[in-house]
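Asks: Here full-length UniProt numbering is used: the first residue of the sequence shown is 1, the next is one more, and so on.
Note that these hints are calculated values from the structure, not bench results.
One or more hints might be untrue.
Per label pair, the in silico range of CB-to-CB distance [claimed, not checked]:
| no. | residue 1 | residue 2 | range |
| --- | --- | --- | --- |
| 1 | Glu77 | His207 | 20 to 30 Å |
| 2 | Glu267 | Tyr302 | 17 to 27 Å |
| 3 | Val318 | Lys83 | 26 to 36 Å |
| 4 | Ile194 | Lys83 | 37 to 47 Å |
| 5 | Gly161 | Lys83 | 36 to 46 Å |
| 6 | Pro316 | Asp235 | 44 to 54 Å |
| 7 | Asn80 | Ser135 | 41 to 51 Å |
| 8 | Asn80 | Gly161 | 30 to 40 Å |
Listed next, the in silico DSSO-like pairs over lysine-lysine satisfying Cα-Cα at most 27 Å (straight line) [unchecked claim]:
| no. | residue 1 | residue 2 |
| --- | --- | --- |
| 9 | Lys210 | Lys288 |
| 10 | Lys116 | Lys288 |
| 11 | Lys238 | Lys204 |
| 12 | Lys241 | Lys210 |
| 13 | Lys83 | Lys152 |
| 14 | Lys152 | Lys116 |
| 15 | Lys152 | Lys241 |
| 16 | Lys204 | Lys241 |
| 17 | Lys88 | Lys288 |
| 18 | Lys83 | Lys116 |
| 19 | Lys288 | Lys152 |
| 20 | Lys288 | Lys238 |
C-beta atoms are modelled at their ideal positions from N, C-alpha and C, and glycine is treated no differently.
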Amino acid sequence: MVMVMRSISSCLTLSQTPPPPPRPRASNNLSTQKQCKRNSRNYCITRPQILPPPPLSRDALGFRVFVLSDLHTDYPENMNWVKSLSTKAYKNDLLLLAGDVAETYHNFYSTMSLLKDRFQHVFYVPGNHDLWCRSEPEGHPYYLDSLDKLNKLLDACRGLGVQTRPMVLYGLGIVPLFSWYHESFDREMDIAGIRIPSLEMVCKDFHACKWPREISNRSASLASYFDAMNEENEDAVKLIKNTCTQIITFSHFLPRYIQAPLAYPRERKRRMNGGETWLPFCVYSGGKFADRLSPCYWSDYYAAHPRAPHVTELAPWVARFYNRA
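Let the sequences and hints guide you as you build the complete structure.
Replies: See below:
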């Protein structure tokens, strides 16, 4: 999923190297290789390779902010990736973890423990996969519903010293945002001529999450419930807005800006440059945010094809999965 970073100054990624020379527009990155374009409906979009970042120097403040999401550590490969993170490199740093840590409580707790051992500060917001209530292994907690599970996960965070509320650290405001989605939030034009299945049909949340009767995925009540969870932090947020010139907010369900998912192992195999080689992603160091973009699969394409409500043409890598009516 996604997270968003806000600040007084613009920030998308941090680099310790000079900016690269201008790249061709994304429209010129459509590969002409035969193996990438077998017919008019299949495309291959190339981009500069994301290399593992060089070691980040310890700045005068000795404080950096990293981001991660979609760890999915129910997969052994992903859990091993978390275990492989240095136990020394991030001891003075902060990690923003934007949801989808694990489906089972045991893996969630183990993952959060590992990360808290590696980072001085860890902030967390829940993702949809964290709240799935499918069968837990024997000996794991029982949940009445997904809200009950959410409360147990937040209790675990408190016990481990993982933060889920707004806080100011070294003059930097950190604001975790609880959130959920609903199809009524989509006010863009429908895509004509494409057979797109309903959200309920394609999204497992409608079946894997269990909610009390008074709230439901089928209405905006669920999103409103999560939004209301932020209201108890209003005073803290006001204080941060009045005292901090630099603020980072993050959530699991906000659209684009910064994405830093480890993702499923199978997703990394399908995509160019899996997250395991460049995560965790540093967005703040030396008391400032970065001032340039990092080349990414989607952003390279949309740099030349602006996303606007009236544009309903699907991106090439999306269009090939749908049949025309």
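Asks: Would you list, in rising numerical order, the hints stated earlier that this structure does not obey?
Replies: 5, 7, 8, 9, 11, 12, 15, 16 and 19
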